[in-house]
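**Q** Each chain, letter by letter, is given below.
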Amino acid sequence: MRPRAASDRPSRARAARGQVASLILVLAGVSAAPAASPAAPDPTLILRRAFEAYRATSSQSAVAMTVHRPQWERHLDMKVWTRGQDDALVRFIAPPKDAGNATLKVAENIWVFNPKLNQVIKLPVSMMSQSWMGSDFSYNDLSKSEELLEWYEHRLTYTEQTGGHTLWTIESLPKPGAPVVWGKVTVKIRDDDVLSEETFFDQDLKPVRHMLTEKVGPLGGRAYPVVMSMHPLDSPGQWTRIETLEGQFDLVLPEYLFTLSNLQYPRQ
Amino acid sequence: MLPLFAWRNLWRRPQRTLLSLLSIALVVALLVCMLSFQRGVYQVMKENNLRVFDGYAQFQAPGYADDPTIDRVIDHPAGIVRAALAIKGIGAAAARVNGFGILANGERSYGALIAGVDPGSESQLSTIAATVRAGRYLNDTDRDAAVLGELLARNLQVSVGGTVSVLGAARDGSVGADVLQVVGIFRSGIPQLDRSILEMPLARAQDAFDMTDRANTIALGGPTLSGVDAALPRLAALGAHHGVALLDWKALEPAMRDAIALKYAMSLLLYLTLVAVVAFIILNALLMSVLERTHEFGVLLAIGMRARAIGLMVWLELLTLALTGCAAGFAAGAGATWWLEQRGISFGSLSALLAQYGLPPRLYPALDPVSALTGPVAILVAIVLGGIVPYARVTRLTALAAMRSE
Chain A
1 MRPRAASDRP SRARAARGQV ASLILVLAGV SAAPAASPAA PDPTLILRRA FEAYRATSSQ
61 SAVAMTVHRP QWERHLDMKV WTRGQDDALV RFIAPPKDAG NATLKVAENI WVFNPKLNQV
121 IKLPVSMMSQ SWMGSDFSYN DLSKSEELLE WYEHRLTYTE QTGGHTLWTI ESLPKPGAPV
181 VWGKVTVKIR DDDVLSEETF FDQDLKPVRH MLTEKVGPLG GRAYPVVMSM HPLDSPGQWT
241 RIETLEGQFD LVLPEYLFTL SNLQYPRQ
Chain H
1 MLPLFAWRNL WRRPQRTLLS LLSIALVVAL LVCMLSFQRG VYQVMKENNL RVFDGYAQFQ
61 APGYADDPTI DRVIDHPAGI VRAALAIKGI GAAAARVNGF GILANGERSY GALIAGVDPG
121 SESQLSTIAA TVRAGRYLND TDRDAAVLGE LLARNLQVSV GGTVSVLGAA RDGSVGADVL
181 QVVGIFRSGI PQLDRSILEM PLARAQDAFD MTDRANTIAL GGPTLSGVDA ALPRLAALGA
241 HHGVALLDWK ALEPAMRDAI ALKYAMSLLL YLTLVAVVAF IILNALLMSV LERTHEFGVL
301 LAIGMRARAI GLMVWLELLT LALTGCAAGF AAGAGATWWL EQRGISFGSL SALLAQYGLP
361 PRLYPALDPV SALTGPVAIL VAIVLGGIVP YARVTRLTAL AAMRSE
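Going down the list, the protein sequences come from chains A and H.
Our numbering puts the first residue of the first sequence at 1, with every later residue one more than the last.
Our numbering puts the first residue of the second sequence at 1, with every later residue one more than the last.
Read the hints as simulated data drawn from the structure, not as lab findings.
Among these hints, one or two may not hold up.
[Claimed, not checked] To list a few chain H residues with every Cβ distance to chain A over 10 Å, as calculated:
1. Trp7
2. Asp248
3. Thr374
[Said to hold, decoys possible] One-sided and incomplete, this derived list gives chain A residues near chain H with beta-carbon spacing under 10 Å:
4. Trp72
5. Arg91
6. Pro95
7. Asp98
8. Pro115
9. Gln119
10. Gln130
11. Met133
12. Ser135
13. Lys215
14. Gly217
Ideal Cβ positions, reconstructed from N, Cα and C, are used throughout, including at glycine.
Please put together the full structure from these sequences, using the hints given.
**A** Below is the structure:
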């Protein structure tokens, strides 16, 4: 018997970044290029613009997470701060059992704080594929948020009109030799830069998990996927939904926010 | 009458017959010894590996084998443990909570299997208790104690008396966390386990991981693996009654099962070669003697003996030869094996290598009906079937042609 992932398969380990976009509103290093002509949209550009629409130079938001299992369902509330594309701090505030737990991401490193231990623990590499706070997201989803843009080649496969928007379907395949787990990712993006669906395929090109934007609303002056859900396809009746309740973007956050001492002794 | 002829014919050429007998006996003895040794080694290998942690069989929560998550649980494990202990051949049953989580000591952190165990029953079926190199194993009065593998302790830079923080996912999806005192460090001899297992008291783990009155697995042990294997049908019935899955050793250690099957398949090739070579040698000798005696057979036919009877006589010569050789070989092989079984075979400087495979420094062959009889029966069958060739040759003879053949 071998110790194995608690609730996340290693194959689900590395995700592209879209699914955590509402958690970590990271800014791409490059500035958005002017909109491509509608006749021949560049898929890479569409993706980049969509991911940038979630992010800003910084953000502060209140997020509710629902983890659904056939036997039970949990609701967690958290506050999320992000800075640039690398740094993020998530602090759980409810329910009481989980309140105080916090996750800090700086570059590719992740630290967790647990109030019962009153201790900051650096996440070992072997645990990156584990479930994050019992959800259908893994720590890798947090730490490898840039993977899709960096390691994949994109192709526009389908364009449709729906609900007053143009909807682009983009198929992303890993570049040769790319150190990624997903064999293919398909993304659906609206022309107002809202990511509407994302499907992850394993190396045999079988769909493994599916993320869906359930509700688009105005947030921080933009159209924003305020409710998103992640569905592992091999476990029916199991999903995680993330709802962004409020958010502010492009604010000046104090330097101390993304430090280990603030993780353990919150000042905010 | 014919058997007597056959026996006498054999000894018309005592030298050739003796050589034939010797080659049969040698191969049979070799087969008995090798097969017994192989079976003995594999038996020890299986038992030693399984006794470290797995147990000889396990009850598991349904689906746990494919997807070992902490929320796949066995409810009220105590009742199943009691019922399992009442089954003949089962000597120990231990409920376990298996959490996969982070162990941390200061800046250092590693992923590990955090096993909540009942110290009393655990020490009866797992050798981890006996391989504690520093400190002691868990006991029934322990609360926040832990023992962990040597390599894990080294990675965490923790020693006996130190503390380890445990962080993992609980059954309800919340965070399970605890701080434990290291009371012992074990070296099971299997690096993979020494690098990845921490054991803590069951009740404490049930608290930390929201597993009160629940377990993920129940490991089963007994005096012998074959005893537990024999109890599998009753265990399966017990498991079905409680809605839990039963895994035998093959399901627990599929890699070991495959490795053993592969080794048997490879040795089978060698054994078949031995059997074929000796069968051809014997047949060749007999065909020679048939050729030499063609004139004689012609005479026998001429005086009224039926060709079939002559064929049968030749075939009986072969059978007698094979039986005698097999009997001698069996006696020698089984005797030698029995002797080795009493004192064991020491491998001296190779013992370190053996330890890597979970083997003791002294190995004992296992003489049982299968290992003792497979070789002799295979040789006997091969030679008896091969005897059809000279039989057919003899029955085709006609008196005149045979007598002229010189």
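**Q** All hints, please: hold or fail.
**A** Verification of the supplied hints:
no. : hint   : result
1   : Trp7   : holds (61 Å)
2   : Asp248 : holds (14 Å)
3   : Thr374 : holds (33 Å)
4   : Trp72  : holds (6 Å)
5   : Arg91  : violated (13 Å)
6   : Pro95  : holds (9 Å)
7   : Asp98  : holds (6 Å)
8   : Pro115 : holds (9 Å)
9   : Gln119 : holds (6 Å)
10  : Gln130 : holds (7 Å)
11  : Met133 : holds (7 Å)
12  : Ser135 : holds (8 Å)
13  : Lys215 : violated (24 Å)
14  : Gly217 : violated (27 Å)
Against the hints set out earlier in the document, violations occur for numbers 5, 13, 14.
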